[in-house]
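2 protein chains.
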Amino acid sequence: MTSWNKYFKSKRVLITGGLGFIGSNLARVLVEAGAKVTILDSLIPQYGGSLHNISKIKKQIKVYRADIREDHKLPRFVRGQDYLFNLAGQTSHWDSMTDPAADLDINCRAQLSILEACRKHNPKIRIVFASTRQIYGRPDHLPVKETHPLRPVDINGINKVAGESFHLLYAKIHGMNTCALRLTNTIGPGMRIKDARQTFVGVWIRDILKGKRFEVWGGDQKRDFTYVDDAVEAFLLAATHPEARGVVYNLGGPAVVTLRELADALVELNGSGGYQVRQFPKERAKIDIGDYYADYNLIKRKLGWRPKTNLKSALIQTLEYYRTELNHYM
Amino acid sequence: MTSWNKYFKSKRVLITGGLGFIGSNLARVLVEAGAKVTILDSLIPQYGGSLHNISKIKKQIKVYRADIREDHKLPRFVRGQDYLFNLAGQTSHWDSMTDPAADLDINCRAQLSILEACRKHNPKIRIVFASTRQIYGRPDHLPVKETHPLRPVDINGINKVAGESFHLLYAKIHGMNTCALRLTNTIGPGMRIKDARQTFVGVWIRDILKGKRFEVWGGDQKRDFTYVDDAVEAFLLAATHPEARGVVYNLGGPAVVTLRELADALVELNGSGGYQVRQFPKERAKIDIGDYYADYNLIKRKLGWRPKTNLKSALIQTLEYYRTELNHYM
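Residue numbers (my numbering), protein chains in the order written: chain A, 7 to 336; chain B, 7 to 336.
Please keep in mind that the hints were generated in silico from the structure rather than gathered at the bench. Be aware that one or more of the hints could be misleading.
No copy labels: a pair is met if it fits in one copy or bridges any two.
As the list claims (entries may be wrong) - Simulated crosslink set (SDA-like; lysine to any residue; CA at most 25 Å straight-line): (1) K130 - W100; (2) K292 - H180; (3) K288 - G181; (4) K178 - S319; (5) K292 - V253.
Owing to the predicted nature of the structure, the values given are computational and were not obtained by experimental measurement.
Let's have the full structure, built from the sequences with the hints guiding it.
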């Protein structure tokens, strides 16, 4: 990773969802770069936040337990910040179908509240929003470019479209410095492994390390995976590059694999274990997006980003982390 | 208009926003068809609802003053209904920029609440949602088909995308009988004329009838106009046609005119008056969509709808109505 000191030294940075997977990795790099980091996280047990994620930097950052749905608290948090990495979100597609109102309040309504708080109290702040490939729905063609139609297949996708659109609109209409990244599957230390609410790879890792056969649903779906350090780099680039203002970029992975290939790689790298292939559950098939992998040429060309960590290293580093830290995430 | 008795006689019909322009015209036709109509309307002064709109049918319908944002009241309203015409909305693009939270709560959040109330308490209900051409943003090409990308240029458009998407998703995932119509400019008796919150044609009509020169902003923009009776027919067709389930259709007008041509026609048909052309205000130009007119072939082919009232008749009938009723709308 390039040195980020020249951009972030002594800068004030707010990270919503900062105890989560990507947020906490971002916080670590920002602390290394000399930034003054404030984290806002709801620590809702079903979501991605974990205090263990920031255990090594907890003395160098400020952490507030607050929910972005609490509108009235937002002005106080955004005032005086130079950067906002806006990562707080409800990530489970399935939960968005069973509790659509919560998904809407977090992924849509609170996003507008955050932007309004910034517009009124800190219009110069630079904002990077964590969007998702889920908003494309079932791709018409692969790889998927940013211009692909948005046809979300679940409540989560609909609300994320709105959340992302608000961010881009605030650049266009209010001249604010906002941009968004459409993340694909991100993996690495700090991801939720208790269940599949954040990524199915989490439960695969958990099961294989506990000596349990993990379940592969379907198996032929193609996917790409970004290692968390690469995702973090994309957030930092997007926050600092002048080209990024008002733009949305896909992130992607260095390779495209089927879930079965990923499962095989995981078993091989772990040195033991196995999995069973299970038919994709009928209820969930309705909100499945089929094959997906991103075309990330736009961010490569414009901001110079590319995923540097190959899938093998990503899996090795992830396995290594959870081999010792497993209990903190159960 | 065809006879709707065979579909609606003794049927229970709920209309949200039923005191508004299209809702009240729909209520009138449904009463004529023998339906048991219940209206839900917030009567917020800045919105489209007016008790005068239903003065002739008030004894044959039930009217409740309630706001669709009051989630807890929704189950009681949707239970036992055969049809829901879901027309309550915040329609002002400009207001959506100055009070984005209200627009979100009405056009996005409350829509999800309505659908959840139906799913839990009346999953067989047939629902038609009033969507808008605003969600396309600035068209890439004309006329605009339903497959045109959705790139809303304001908060209202973003929230309407979400509101419409929820409706279509509930058909797909939950098997509900929902559909949506993307309305273009609708004109006719009952429209708001106090200001331009619903349509600019309203203030043109008001001014010309008061003997005041009306203002045309820009003038070269192309638009299509649906007469309200035709819009009502589309709602009734969409509610009753089996093909409509889970589908969204554009409505359109019988002709495409520039605003200047529309202004000239209005002056001519009124027999007096005039207008002044004004540069499109800079602040508002940011959320302007340029030229727009719809391709309505899908609904024509699938449901047999077409706009029957030509623009001249539409304007004559509208002028005639407000010539006597003006005071009730000021």
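Now the hints, each set against the structure:
Proximity of K130 and W100 under a CA criterion of 25 Å is satisfied inter-copy only: 23 Å between copies versus 36 Å inside one chain copy. In the homo-oligomer, the alpha carbons of K292 and H180 lie at most 25 Å apart only across protomers (10 Å), although the nearest pairing inside one protomer, at 38 Å, exceeds that limit. Taking the shortest Cα distances, K288 and G181 sit within 25 Å of each other only across copies (14 Å), while inside one copy they are farther apart (45 Å). Proximity of K178 to S319 under the C-alpha cut-off of 25 Å is found in neither arrangement, the shortest distances being 39 Å within a copy and 40 Å between copies.
Taking identical chains as interchangeable, the C-alpha atoms of K292 and V253 lie at most 25 Å apart only when they sit on different chains, with a minimum of 17 Å there against 31 Å within one chain.
The structure shown violates just one earlier hint, number 4.
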